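Asks: Sequence:
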Amino acid sequence: MHVSRTTVLRWILAGTIGLSGGVWPALTPLHAGDQPQPLTIQFTLDRPLDAAAAPFVMASVGGLFSAEGLAVGTNVATSSADAIARVADGSSDFALVDINSLIRFRDKPDAAPVKAVFVLFNQAPYAIIARKSRGIKALADMEGKSLGVAEGDLSIRLWPAVAKQNGIKLSSVKQNTISAAVREPMLSAGQVDAVTGFSYLSAINLRDRGVPADDLAVLRFADYGCEAYGFAVIVSPHLAAAKPDAVKGFVRAAVGGTNLAVKDPARAASEVVSRMDGGSRDLELERLGAIIRDNILTAEVKRNGLGGIEPERFERSIDQLAEDFKFQKRPNAADIFDDQFLPPIDGRLVN
Numbered sequence: 001m002h003v004s005r006t007t008v009l010r011w012i013l014a015g016t017i018g019l020s021g022g023v024w025p026a027l028t029p030l031h032a033g034d035q036p037q038p039l040t041i042q043f044t045l046d047r048p049l050d051a052a053a054a055p056f057v058m059a060s061v062g063g064l065f066s067a068e069g070l071a072v073g074t075n076v077a078t079s080s081a082d083a084i085a086r087v088a089d090g091s092s093d094f095a096l097v098d099i100n101s102l103i104r105f106r107d108k109p110d111a112a113p114v115k116a117v118f119v120l121f122n123q124a125p126y127a128i129i130a131r132k133s134r135g136i137k138a139l140a141d142m143e144g145k146s147l148g149v150a151e152g153d154l155s156i157r158l159w160p161a162v163a164k165q166n167g168i169k170l171s172s173v174k175q176n177t178i179s180a181a182v183r184e185p186m187l188s189a190g191q192v193d194a195v196t197g198f199s200y201l202s203a204i205n206l207r208d209r210g211v212p213a214d215d216l217a218v219l220r221f222a223d224y225g226c227e228a229y230g231f232a233v234i235v236s237p238h239l240a241a242a243k244p245d246a247v248k249g250f251v252r253a254a255v256g257g258t259n260l261a262v263k264d265p266a267r268a269a270s271e272v273v274s275r276m277d278g279g280s281r282d283l284e285l286e287r288l289g290a291i292i293r294d295n296i297l298t299a300e301v302k303r304n305g306l307g308g309i310e311p312e313r314f315e316r317s318i319d320q321l322a323e324d325f326k327f328q329k330r331p332n333a334a335d336i337f338d339d340q341f342l343p344p345i346d347g348r349l350v351n
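Number 72 in the numbering used here belongs to position 72 of the sequence shown; there are no gaps in the numbering.
A few of these clues could be false.
[Said to hold, decoys possible] Using C-beta positions, here's what the derived DEER-type ranges look like: (1) ALA322 x ASP264: 33 to 43 Å; (2) ALA138 x GLY63: 45 to 55 Å; (3) GLY225 x GLY135: 42 to 52 Å; (4) ALA241 x LYS108: 18 to 28 Å; (5) HIS238 x VAL182: 35 to 45 Å.
Read the hints as simulated data drawn from the structure, not as lab findings.
From a predicted model like this one, the values you see are computed outputs, not experimental measurements.
For glycine and all other residues, C-beta sits at the position ideal for the given N, C-alpha and C.
Could you put the whole structure together from the sequences, leaning on the hints where they help?
Replies: Dropping the structure here:
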């Protein structure tokens with residue numbers, strides 16, 4: 001993505017490191033005196049910038065990264081698997097990825113010991129989005145219907161567990177593999193009865209395409225027994241070992257940025273859109289509202305604070321993932337998530 005000279009000057013004058021949808025180097029704020037140089041950090045997003053990254057945009061805008069002595073630059077991967085690979089080989093320091101993709105990655109015999117250090121989505125956004133006019137109002141109505149599954153879709157990996165838990169025969173649902181580019185158009189045109197996807201993406205995209213909101217059934221897996229966590233920040237094993245204070249600083253900034261996004265979603269959406277190519281403020285604000293409500297501010301987070309996991313629930317989520325994935329050696333929660341970099345609970349409660 002091209003970054004104009006005016007934009008660079010605006011970043012420098014603001015004294016912050018902005019997040020962008022493209023690849024660009026971290027910028028060092030210009031300060032006089034004997035201030036120590038900030039540590040340059042590369043942070044990878046597993047998809048183009050949207051409202052899901054609002055906490056990190058707000059951490060940047062609010063000066064929280066720079067306050068931790070970090071100069072954070074971003075790059076965008078093609079998928080969670082690609083982002084994990086970048087952290088594993090050390091070409092990126094942190095990444096925001098689907099934690100269930102990390103679980104599958106860690107099952108490889110030669111996998112680097114990459115771990116998550118901050119869970120952003122306490123509930124995964126996996127969902128089936130269906131048309132009520134096609135006879136689907138609840139999950140049980142999926143039997144005998146056609147389901148469009150985009151290539152690389154993450155939701156479908158937990159569908160077998162959700163179907164089993166709700167007494168739905170997988171063979172009774174006709175799956176059609178489709179391109180992600182035509183997922184919403186095909187459902188809008190009635191070429192499939194439902195699609196898998198993220199609740200905050202596909203459902204809002206369909207309304208933007210003119211599908212009436214009252215004709216959409218958003219069947220969130222979390223409402224049907226899915227215990228999976230969602231997006232999480234992972235860290236390079238080398239950085240975690242060599243500079244643990246930097247990792248703690250990044251996590252503190254992520255906690256603070258999440259609080260800022262929750263407190264002022266309108267501003268957070270505007271800041272995200274200003275860094276997107278052709279984004280819509282109204283759409284991103286709607287997405288952010290759904291993310292905060294459904295994926296971030298759960299009862300568990302209100303009780304335990306941002307960023308952590310409940311080990312027993314995490315273990316159950318691994319068992320659910322195993323309905324679709326045969327582990328060579330099943331990992332446990334401690335293999336995937338490292339809580340030593342989290343602030344104390346009173347520093348993670350939502351303000």
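Asks: With reference to the structure, classify each hint as holding or not holding.
Replies: Tested hints:
1. ALA322 x ASP264: 33 to 43 Å: holds, 40 Å
2. ALA138 x GLY63: 45 to 55 Å: Holds, since ALA138 and GLY63 (Cβ atoms, about 46 Å apart) stay within the stated range.
3. GLY225 x GLY135: 42 to 52 Å: violated, 23 Å
4. ALA241 x LYS108: 18 to 28 Å: holds, 21 Å
5. HIS238 x VAL182: 35 to 45 Å: This hint holds: roughly 41 Å between Cβ atoms.
In terms of the numbered hints stated before, the structure departs from hint 3 and from no other.
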